[in-house]
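Visitor: Sequence:
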Amino acid sequence: MIRVLVVDDDFMVARLHSSVVAKQPGFELVAVVNNGTAALAAAQSHRPDLILLDVYLPDITGLEVLGRLRAQGHPVDVIVISAARDVESLRTAMRGGVFQYLVKPFAIGDLRDRLEEYAAHRRRVGSIDEVGQAEADQLFRGSAARAAPLPKGISATTVALVTTALRAAGDEGLSATECGEQAGLSRSSARRYLEHLVEVGEAEVRHRYGSAGRPERRYRATQPTPQP
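Number 52 in full-length UniProt numbering belongs to position 52 of the sequence shown; there are no gaps in the numbering.
Errors might be hidden in some of the hints.
[As the list claims (entries may be wrong)] Think about it this way: if two alpha-carbon atoms lie no more than 20 Å apart in a straight line, the pair counts; the simulated EDC-like pairs of lysine to aspartate or glutamate are:
| hint | residue 1 | residue 2 |
| --- | --- | --- |
| 1 | 104 | 202 |
| 2 | 152 | 216 |
| 3 | 104 | 88 |
| 4 | 23 | 49 |
| 5 | 152 | 199 |
| 6 | 104 | 10 |
| 7 | 104 | 130 |
| 8 | 152 | 181 |
| 9 | 23 | 110 |
| 10 | 152 | 202 |
[What the hints assert, rightly or not] Simulated restraints, written as ranges between beta carbons of each label pair:
| hint | residue 1 | residue 2 | range |
| --- | --- | --- | --- |
| 11 | 206 | 68 | 48 to 56 Å |
| 12 | 200 | 110 | 29 to 37 Å |
| 13 | 74 | 19 | 19 to 27 Å |
| 14 | 37 | 204 | 48 to 56 Å |
If you're looking for bench data, these hints aren't it; they were derived computationally from the structure.
Computed from a predicted model, the values in this text were never measured in an experiment.
Where a beta carbon is used, it is the ideal one built from N, C-alpha and C, also for glycine.
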């Protein structure tokens with residue numbers, strides 16, 4: 001289970017985010033706090049894997065919390081969730097190694113997507129023993145910085161995971177369900193990313209007709225992983 005600490009000074013927002021975490025498969029809510037001092041104490045006592053961290057807190061800012069955690073060598077991952085829209089806040093968050101930066105207001109589905117992406121990222125990190133350049137690009141999302149802007153709700157990290165799974169499948173391709181199982185995504189999320197890859201020319205879709213019912217949509221990478 002991925003242990004999560006929620007930090008937000010707005011009681012209703014904190015309750016909403018906590019509810020999303022509690023209902024997300026594979027996640028466990030360990031604590032909810034409403035200020036920076038309590039956040040530091042909770043991070044020390046609960047040792048969460050992930051913090052959903054607001055920037056505007058009543059005592060110290062969430063970015064100060066982030067800085068102190070890093071200074072202490074705390075290995076926790078962070079998703080910043082805030083109404084802070086200034087570039088300096090974003091830069092500070094990036095320097096602090098945050099996994100994602102969600103700008104309020106946002107659709108609650110965006111938070112679910114970020115949690116799903118984080119879980120997939122952890123599985124990806126845990127599944128490799130040695131890092132090559134392709135793995136490094138995926139894990140650090142370096143390819144995203146060189147790519148064109150992605151559509152709203154589409155993450156470069158998840159695009160990389162889905163692309164890897166699709167290329168490894170070769171000519172046989174994958175259904176949305178199969179892709180979701182391999183990439184650690186729900187069927188609907190996998191389908192959305194597969195359709196995005198079709199739109200940008202990285203994948204193609206074919207129909208497989210069975211003995212009855214609707215034809216199955218199967219996706220194949222336009223550039224499969226070369227075989228040794």
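Visitor: Where does the structure disagree with the numbered hints, that is, which hint numbers, in rising order?
Guide: Per hint list: 1, 2, 7, 8 and 12 violated.
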